[in-house]
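Colleague: Dock chain B against chain A, hints included.
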Amino acid sequence: MPADYSVVLVFLIAGIAIVSFVFLLSRLIAPHNPYKVKNETYECGEPTIGPSWIQFNNHFYIFGLIFVVFDVEAIFLFPWAVAYKSLGYFAFVEMMIFIFILLAGLVYAWKKGALKWV
Amino acid sequence: MELAPIFAWIYDLLISLGLSVALADLVSQIGLAVFVFSLLCVLALFLVWWERKISAHIQQRFGPMMTGWHGVFQTVMDALKLLQKEDITPTVADRGVFFWAPVIVFTCAFAAYIVIPFGKGLIVSDLNIGILYIIAITTFTIIGLMMAGWGSNNKYALLGGMRSAAQVVSYEVPLVLSIMGVVMVTGSMSMNDIVAAQSGWAGFRWNIIFQPLGFVIYIIAATAEANRTPFDLPEAEQELVAGFNIEYSGMKFAMFFLAEFVNMFTVSAIATTVFLGGWNGPLLPSWMWFLGKTLAMVFVLMWFRWTFPRLRVDQLMEFAWKVLLPLAFVNIIYVGVLALWLK
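Going down the list, the sequences are from chains A and B. Residue 1118 in our numbering sits at position 100 of the first sequence, with consecutive numbering throughout. Residue 243 in our numbering sits at position 244 of the second sequence, with consecutive numbering throughout.
So that you can see chain A by itself, here it is in the shape it has in the complex (with noise of 0.2 angstroms):
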């Protein structure tokens, strides 16, 4: 059925538009004046000190890595979850070995200190 879906697309062109024009709008109204000291990055007043653009904490790659791992999970379990009432116990009793496993991933994780916010 793609004509359902071909609304997704129509919303997204129009969000895309509106804001657009929106933004149109505003540079029609609003003045503009840029001068150097206006275009400053802003900190609090003070003069910036060194670049923004640095290699960040990499304790958010790790929390990134298992978000991964559990939202396709997710993904896996939704099928799973729309068919559940047609599968009976057979699917309740395979789909718990699965959560077992990934309950098992996450308790590897906390006890190896993954999830500790440093």
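Hints are computed from structural coordinates only; laboratory data are not their basis. Please note that the accuracy of each hint is not assured.
For the chain B half of the interface with chain A, some residues (derived, Cβ under 8 angstroms), not all of them [stated by the list, open to error]:
id, residue
1, V102
2, S169
3, G186
4, S187
5, M188
6, N191
7, D192
8, T228
9, Q237
10, L239
11, M254
12, W286
13, V322
14, L326
15, V329
16, I332
Glycine included, C-beta positions come from ideal geometry on N, C-alpha and C.
Modeller: Structure of chain B alone, referenced to chain A:
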């Protein structure tokens, strides 16, 4: 009065004007997009005013009083003022990323409204993956926030963007798993089916009755997803000034602000649809029930803001993974047993 026949009448009018079905579909979709956008603007203006009034009254103040009845036009004036403000792009910022960030944030928040059932038959398109689509598209917002944080080339903004990314991905998992219970008992991801499954029995088929734990997990995770206090670390005023939107001014800032309130309405609308019976209700038209329940949920979120202090970053992250996630699994197992038992 039900509103669905009015939309059907407009569509029939387009057909009778001699448009082909494909063209009429396109015109009605664009029309709906503009309609939803106007609706969201009005809602956001109202919600900002409402939040200011609620926060004022909780603190025994009056809040805005001067423009109109109890300051009801205050936010309209604020929006007009923002429209006239200069749009500043810092010299060091990455101009492309800086420009596209608010566009992406707003567009993704806006596109979520395709599958929200505002009332009986009042849904732009009942996609069969409804609830999954809405989770996916609202999470795209985080890409915009990251872009805003990185593109600004500002240390506060970078911290805010990184924090919001870590926070949203962490709370995404319990959020998805808490909704899973509802999908299990409904057997469908379509929003209309979820609402239909909760009709009748004088409200005793609402999912909140059988899955109170799922509802609590959802509300906590949704508060974090919408970056609301007590989980508003990404824009913690006292430490990060304004977080990811620190360098934004004028209409670009307004878009972030609008998207924030639109997101708050979205998570409340999902809570209404998934757990509180959607537009089901006696006597009043369905859209009034939907609006009433959703605004009640929005009120709860605003109430949170003035009741709970902000969490620390480590508390925030560990709460998601060590408390909410195991609880969400407990909820899934409970719902699984319950569904089998009821069958």
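Colleague: Confirm or reject each hint.
Modeller: Each hint, compared with the structure:
1. Look at V102(B): its Cβ gets to within about 5 angstroms of chain A, closer than 8 angstroms, so that hint holds up.
2. Here the hint on S169(B) is kept, as its CB sits about 6 angstroms from the closest CB of chain A, short of 8 angstroms.
3. The interface hint given for G186(B) is met, as the beta carbon of that residue sits about 5 angstroms from the closest beta carbon of chain A, less than 8 angstroms.
4. With a cut of 8 angstroms, the hint placing S187(B) at the interface with chain A holds, because the nearest CB-to-CB distance is about 6 angstroms.
5. Satisfaction of the interface hint for M188(B) is found here, the shortest Cβ-Cβ separation to chain A being roughly 6 angstroms, below the 8 angstroms cut-off.
6. For N191(B), the interface hint is violated, since its Cβ never comes within 8 angstroms of a Cβ in chain A; the closest pair sits about 13 angstroms apart.
7. With its C-beta approaching chain A no nearer than about 10 angstroms, D192(B) sits outside the 8 angstroms limit, and its interface hint is violated.
8. Taken as an interface hint, T228(B) does not check out: its beta carbon lies about 19 angstroms from the nearest beta carbon of chain A, beyond 8 angstroms.
9. Checking Q237(B) against chain A: minimum C-beta separation of about 12 angstroms lies over 8 angstroms; hint violated.
10. At its closest, the beta carbon of L239(B) sits 11 angstroms from a beta carbon of chain A; the interface hint therefore is violated under the 8 angstroms criterion.
11. This hint holds: M254(B) has a C-beta 6 angstroms from the nearest C-beta of chain A, less than the 8 angstroms allowed.
12. About 20 angstroms separates the beta-carbon of W286(B) from the nearest beta-carbon of chain A, more than 8 angstroms, and the hint is not met.
13. Against a cut-off of 8 angstroms between C-beta atoms, the interface hint on V322(B) is violated, since the closest Cβ of chain A lies about 11 angstroms away.
14. Annotation: L326(B) was flagged as interfacial toward chain A, and the flag is violated, the nearest CB pair being 12 angstroms apart, outside 8 angstroms.
15. Evaluation of the V329(B) hint against chain A yields a violated restraint, the C-beta minimum of about 10 angstroms exceeding 8 angstroms.
16. This hint holds: I332(B) has a C-beta 7 angstroms from the nearest C-beta of chain A, less than the 8 angstroms allowed.
Violated hints, listed in ascending order, are 6, 7, 8, 9, 10, 12, 13, 14, 15; each of the other numbered hints is respected by the structure.
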